[in-house]
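S.K.: These are the residues of each chain, in order.
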Amino acid sequence: MQISLSHFLAVGALLFSFGLVTVATRRNAVGVLMGVELILNGANINFAAFNHYVVGGISGQIFALFVIVLAAAEAAVGLAIVLAVFQTFKTIDVRAADLMRE
Amino acid sequence: MDLQLLSPLVAENLGSAAFFRPELALTFGAMALFLVDLAWKHHPGRSGRLAAVALLVLAVAAGLLAAQPVEARSLFNGMIATDGFATFFKWLFLAAAAVTVMIAAPGKDFPPARLGEFYALLVATVLGMFLMASAKDLLMAYLAIELVSMTSYVMAGFKKGDRRATEASLKYVIYGGVASGVMLFGMSYLYGLLRTTNFAEMAVRIQDLQATGLPAAATKLTLVVAMVFVTAGIGYKVASVPWHMWCPDVYEGAPTPFTAFLSVGPKAAGFALALRFFFGALAGPSGVAGGLPVAAGGVPWPAIVGLMSVATMTLGNLTALSQTNLKRLLAYSSIAHAGYALMGLSAVSDTGVQAIMIYMAIYLVMNLGAFLVVILVAEATGSESILDYKGLARRHPLAATSFAIFLFSLTGIPPFAGFMGKWYLFYAVLERVPGPGGSWYAALAVVGALNSAVSLYYYARIIRAMFIDAPYEAHPAPIKSSPVYTILLGTAATAVLVFGVWWTPIVDWSTASLHMFKG
Numbered sequence: 001m002q003i004s005l006s007h008f009l010a011v012g013a014l015l016f017s018f019g020l021v022t023v024a025t026r027r028n029a030v031g032v033l034m035g036v037e038l039i040l041n042g043a044n045i046n047f048a049a050f051n052h053y054v055v056g057g058i059s060g061q062i063f064a065l066f067v068i069v070l071a072a073a074e075a076a077v078g079l080a081i082v083l084a085v086f087q088t089f090k091t092i093d094v095r096a097a098d099l100m101r102e
Numbered sequence: 103m104d105l106q107l108l109s110p111l112v113a114e115n116l117g118s119a120a121f122f123r124p125e126l127a128l129t130f131g132a133m134a135l136f137l138v139d140l141a142w143k144h145h146p147g148r149s150g151r152l153a154a155v156a157l158l159v160l161a162v163a164a165g166l167l168a169a170q171p172v173e174a175r176s177l178f179n180g181m182i183a184t185d186g187f188a189t190f191f192k193w194l195f196l197a198a199a200a201v202t203v204m205i206a207a208p209g210k211d212f213p214p215a216r217l218g219e220f221y222a223l224l225v226a227t228v229l230g231m232f233l234m235a236s237a238k239d240l241l242m243a244y245l246a247i248e249l250v251s252m253t254s255y256v257m258a259g260f261k262k263g264d265r266r267a268t269e270a271s272l273k274y275v276i277y278g279g280v281a282s283g284v285m286l287f288g289m290s291y292l293y294g295l296l297r298t299t300n301f302a303e304m305a306v307r308i309q310d311l312q313a314t315g316l317p318a319a320a321t322k323l324t325l326v327v328a329m330v331f332v333t334a335g336i337g338y339k340v341a342s343v344p345w346h347m348w349c350p351d352v353y354e355g356a357p358t359p360f361t362a363f364l365s366v367g368p369k370a371a372g373f374a375l376a377l378r379f380f381f382g383a384l385a386g387p388s389g390v391a392g393g394l395p396v397a398a399g400g401v402p403w404p405a406i407v408g409l410m411s412v413a414t415m416t417l418g419n420l421t422a423l424s425q426t427n428l429k430r431l432l433a434y435s436s437i438a439h440a441g442y443a444l445m446g447l448s449a450v451s452d453t454g455v456q457a458i459m460i461y462m463a464i465y466l467v468m469n470l471g472a473f474l475v476v477i478l479v480a481e482a483t484g485s486e487s488i489l490d491y492k493g494l495a496r497r498h499p500l501a502a503t504s505f506a507i508f509l510f511s512l513t514g515i516p517p518f519a520g521f522m523g524k525w526y527l528f529y530a531v532l533e534r535v536p537g538p539g540g541s542w543y544a545a546l547a548v549v550g551a552l553n554s555a556v557s558l559y560y561y562a563r564i565i566r567a568m569f570i571d572a573p574y575e576a577h578p579a580p581i582k583s584s585p586v587y588t589i590l591l592g593t594a595a596t597a598v599l600v601f602g603v604w605w606t607p608i609v610d611w612s613t614a615s616l617h618m619f620k621g
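These protein sequence lines map, in sequence, to chains A and B.
Using our numbering, the letters of the first sequence map in sequence onto residues 1 to 102.
Using our numbering, the letters of the second sequence map in sequence onto residues 103 to 621.
By construction, these hints were calculated from the structure, which means they are not laboratory data.
It should be emphasised that the depicted structure is a prediction, and the values quoted were computed from it without experimental measurement.
Please note: incorrect hints may appear among the correct ones.
What the hints assert, rightly or not - Among chain B residues calculated to face chain A with C-beta under 10 Å, some are: (1) 241; (2) 282; (3) 299.
What the hints assert, rightly or not - Covered stretches of chain B (chain A as the covering partner; in silico rule of three or more C-beta atoms under 8 Å from a C-beta of chain A): (4) 253 to 263; (5) 435 to 445.
Unchecked claim - Listed next, the in silico SDA-like pairs over lysine to any residue satisfying Cα-Cα at most 20 Å (straight line): (6) A/90 with A/30; (7) B/262 with A/88; (8) B/262 with A/13; (9) A/90 with B/263; (10) B/322 with B/307; (11) B/322 with B/405; (12) B/262 with A/5; (13) B/210 with B/483; (14) B/322 with A/5; (15) B/322 with A/6; (16) B/492 with A/99; (17) B/210 with B/581; (18) B/262 with A/9; (19) B/322 with B/262; (20) B/262 with A/6; (21) A/90 with B/262; (22) B/322 with A/13; (23) B/210 with B/559; (24) B/492 with B/596; (25) B/582 with B/484; (26) B/262 with A/89; (27) B/262 with A/54; (28) B/262 with A/91; (29) B/322 with A/9; (30) B/262 with A/11; (31) A/90 with B/264; (32) B/262 with A/20; (33) B/210 with B/307; (34) A/90 with B/492; (35) B/210 with B/266; (36) A/90 with B/266; (37) B/492 with B/579; (38) B/322 with A/76.
From the three backbone atoms N, C-alpha and C, an ideal C-beta is built for every residue, glycine too.
Using the sequences provided together with the hints, build the complete structure.
M.R.: See below:
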């Protein structure tokens, strides 16, 4: 079987959907952050695949590299916040952090 | 790649750096703030000194911005542009940051030990907003949004051990992460479809797609989905429906000086980026915006923005009616104001752009002023409930009077500045009524007017509490406030009154700044 652009796009779209589902259903805050990472990586696969099959050059790969760095920064900030949540609420269940209501 | 090939790129970057000085000042300023924060670790006058350094950094950036040549140009191989449009917004960001620096120093939300970090992060956020206002490439837009977001996540949860602040930053980081991820995914499809990340080239490719007859249905659908995804990222930044859910919780939980900044700075930056994206990438290469329908992928985007505007202002105003926490009420009010400003975007005209610029400038003054009163009262009473505003007129006449001025101005009643801001927005919409889709624009204006009437109800509720209702205690103690707050309040209230009757300076300034570099 020849691996083509559409295969990569399918993987990217699947990763993106899994990421959204993970964010929506996980109760563990670290799990939610992992869902965000999946979304970013879905986009990264698209960038690299489009770059290789459609656009040429290196612009898409550069974009993906920037996203990887930003994803790391976001994970650092996110985990620090999860740590603060644990220290404050003694749990990282996102349902616990729901004091503010209409 | 050998050096020969690289040298034009190096030359371009070195040449661009000469027009990038305000941003460089902010970059080094943020780093310097971290250093002086360490150097003055145990200094008794820490707060004042750190505030002075932060203001100095902003002043240096302002000086360099003023010294910058006015002509528009593209920098760093088309990544960003300097032009009048970006400069206008940069001044707004510097003003918002300077006010935030001043109100954070005497407040209880920021203990002196951690004030330096806050200022450094704030300056980094201003850098991100500078880049948002001047981005003309998807990569730069994404990086700038993330820079603003990530520093904001930290600042929202700045009060250590505070349950509401921690919850606010958790909600913010999750919503923000998903919104920017969705936007990035949309960008990846745009990149694949249009084979570029540059706004101007994107506009040309979209025109080509339309011109070569009907593109395949799948292409059209992908284009539409990608655009919606990118809109989600920008909509989250300006807190427009349906991406507003984070806004009330984050505004309520975050330290109030930062809430004040968040409600004016990043919102204005979001609008600046929205305008750049809309007019740079969607509206065609050279002012196709003059002929209205911007229909990339066969979808009338102005109509969609109009619907977003209606949904945003209606939801914001109706939910604000039942709020009793002032920070939450102002959060919903800020959602409603994003809705009003979106009216200007849906008009897709120079008048609309100018109306948004004017509105953002005025909204900055009146909303920062309103939050200043909330801070002042919370410092004295420790509460943000509307009940504690009862009889404020007797306890702190200046705060009550200026709050009333800001609230009337937010409603859009003459002779306050908010009225003329709204007047320009409505003018931009009504200008479209004789043209194509005119009845829809008329409906949009009617909904906007009705919403302003609804907003009067909840703003007036606060004014009634302050001036008519009796305070809880028979002889309430007058509220004492730091002189910094008094001066800032007086200045903001005066500005709202002055611009309400003499608005020529703002209008002239925005007319002169209307030029947007699109090459």
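S.K.: Give a verdict on every hint.
M.R.: Going through the hints against the structure:
With 10 Å as the threshold, the beta carbon of residue 241 of chain B comes within range of chain A, its nearest partner Cβ sitting at about 5 Å, so the hint holds. The closest approach between the C-beta of residue 282 of chain B and any C-beta of chain A is roughly 8 Å, which is under the 10 Å cut-off, so the hint is satisfied. Because the closest C-beta pair between residue 299 of chain B and chain A is about 6 Å apart, less than 10 Å, the hint holds. For the stretch 253 to 263 of chain B, the proposed coverage by chain A is satisfied: 5 residues have a C-beta within less than 8 Å of a C-beta in that chain, meeting the threshold of three.
Counting residues of the stretch 435 to 445 of chain B whose C-beta sits closer than 8 Å to any C-beta of chain A gives 0, which falls short of three, so the coverage hint is violated. Among the hinted pairs, residue 90 of chain A with residue 30 of chain A is consistent with the structure: their alpha-carbon atoms are about 14 Å apart, no more than 20 Å. Using a Cα cut-off of 20 Å, the hinted pair residue 262 of chain B and residue 88 of chain A holds, with the two alpha carbons roughly 8 Å apart. As the CA atoms of residue 262 of chain B and residue 13 of chain A are separated by approximately 38 Å, the hinted pair breaks the 20 Å bound.
For the hint linking residue 90 of chain A to residue 263 of chain B, the alpha-carbon distance of about 11 Å falls within 20 Å, and the restraint holds. The suggested pairing of residue 322 of chain B with residue 307 of chain B holds, with an alpha-carbon distance near 13 Å, which does not exceed 20 Å. Under the criterion of a C-alpha separation no larger than 20 Å, the hint pairing residue 322 of chain B with residue 405 of chain B is consistent with the structure, at around 18 Å. With a C-alpha separation of about 48 Å, the suggested pairing of residue 262 of chain B with residue 5 of chain A is violated against the 20 Å cut-off.
Under the criterion of a C-alpha separation no larger than 20 Å, the hint pairing residue 210 of chain B with residue 483 of chain B is consistent with the structure, at around 12 Å. The hinted pair formed by residue 322 of chain B and residue 5 of chain A meets the criterion: a straight-line CA distance of about 18 Å does not exceed 20 Å. With a C-alpha separation of about 17 Å, the suggested pair residue 322 of chain B and residue 6 of chain A falls inside the 20 Å cut-off, and the hint holds. Distance check on the hinted pair: residue 492 of chain B and residue 99 of chain A sit about 26 Å apart at the alpha-carbon level, beyond 20 Å; violated.
Distance check on the hinted pair: residue 210 of chain B and residue 581 of chain B sit about 16 Å apart at the alpha-carbon level, within 20 Å; holds. The hinted pair formed by residue 262 of chain B and residue 9 of chain A fails the criterion: a straight-line CA distance of about 43 Å is larger than 20 Å. Taken as a hint, the residue 322 of chain B and residue 262 of chain B pair is broken in the structure, with Cα atoms around 48 Å apart against an allowance of 20 Å. Between residue 262 of chain B and residue 6 of chain A the alpha-carbon distance is near 48 Å, which puts this suggested pair outside the 20 Å criterion.
Straight-line distance between C-alpha atoms of residue 90 of chain A and residue 262 of chain B comes to about 14 Å, which keeps the hinted pair within the 20 Å bound. Among the hinted pairs, residue 322 of chain B with residue 13 of chain A is consistent with the structure: their alpha-carbon atoms are about 17 Å apart, no more than 20 Å. Restraint check for residue 210 of chain B and residue 559 of chain B: the C-alpha separation of about 32 Å exceeds 20 Å, so the hint is violated. Between residue 492 of chain B and residue 596 of chain B, the direct Cα distance comes to roughly 24 Å. Violation of the 20 Å bound is thereby established for this hinted pair.
Pair hint residue 582 of chain B plus residue 484 of chain B holds up; C-alpha atoms about 13 Å apart against a cutoff of 20 Å. Restraint check: the Cα-Cα separation between residue 262 of chain B and residue 89 of chain A comes to about 12 Å, which is no more than 20 Å; the hinted pair holds. Taking the CA atoms of residue 262 of chain B and residue 54 of chain A, the gap is near 49 Å; set against the 20 Å cutoff, the hint is violated. For the hint linking residue 262 of chain B to residue 91 of chain A, the alpha-carbon distance of about 16 Å falls within 20 Å, and the restraint holds.
Annotation: proposed proximity of residue 322 of chain B to residue 9 of chain A holds, straight-line Cα distance about 17 Å (limit 20 Å). With a C-alpha separation of about 41 Å, the suggested pairing of residue 262 of chain B with residue 11 of chain A is violated against the 20 Å cut-off. Proximity of residue 90 of chain A to residue 264 of chain B is assessed by CA-CA distance (about 13 Å); at most 20 Å being required, the pair is judged to hold. For the suggested pair residue 262 of chain B and residue 20 of chain A, the alpha carbons sit about 30 Å apart, so the restraint of at most 20 Å is broken.
Of the pairs offered as hints, the one joining residue 210 of chain B and residue 307 of chain B is violated, with about 53 Å between alpha carbons and a cut-off of 20 Å exceeded. Only pairs whose Cα atoms come within 20 Å are accepted, and residue 90 of chain A paired with residue 492 of chain B is rejected, the gap being roughly 37 Å. Pair hint residue 210 of chain B plus residue 266 of chain B holds up; C-alpha atoms about 16 Å apart against a cutoff of 20 Å. Straight-line distance between C-alpha atoms of residue 90 of chain A and residue 266 of chain B comes to about 14 Å, which keeps the hinted pair within the 20 Å bound.
At roughly 13 Å between alpha-carbon atoms, residue 492 of chain B and residue 579 of chain B fall within 20 Å of each other, so this suggested pair holds. Our distance criterion of 20 Å between C-alpha atoms is broken by residue 322 of chain B and residue 76 of chain A, whose separation comes to about 38 Å.
Violated hints, listed in ascending order, are 5, 8, 12, 16, 18, 19, 20, 23, 24, 27, 30, 32, 33, 34, 38; each of the other numbered hints is respected by the structure.
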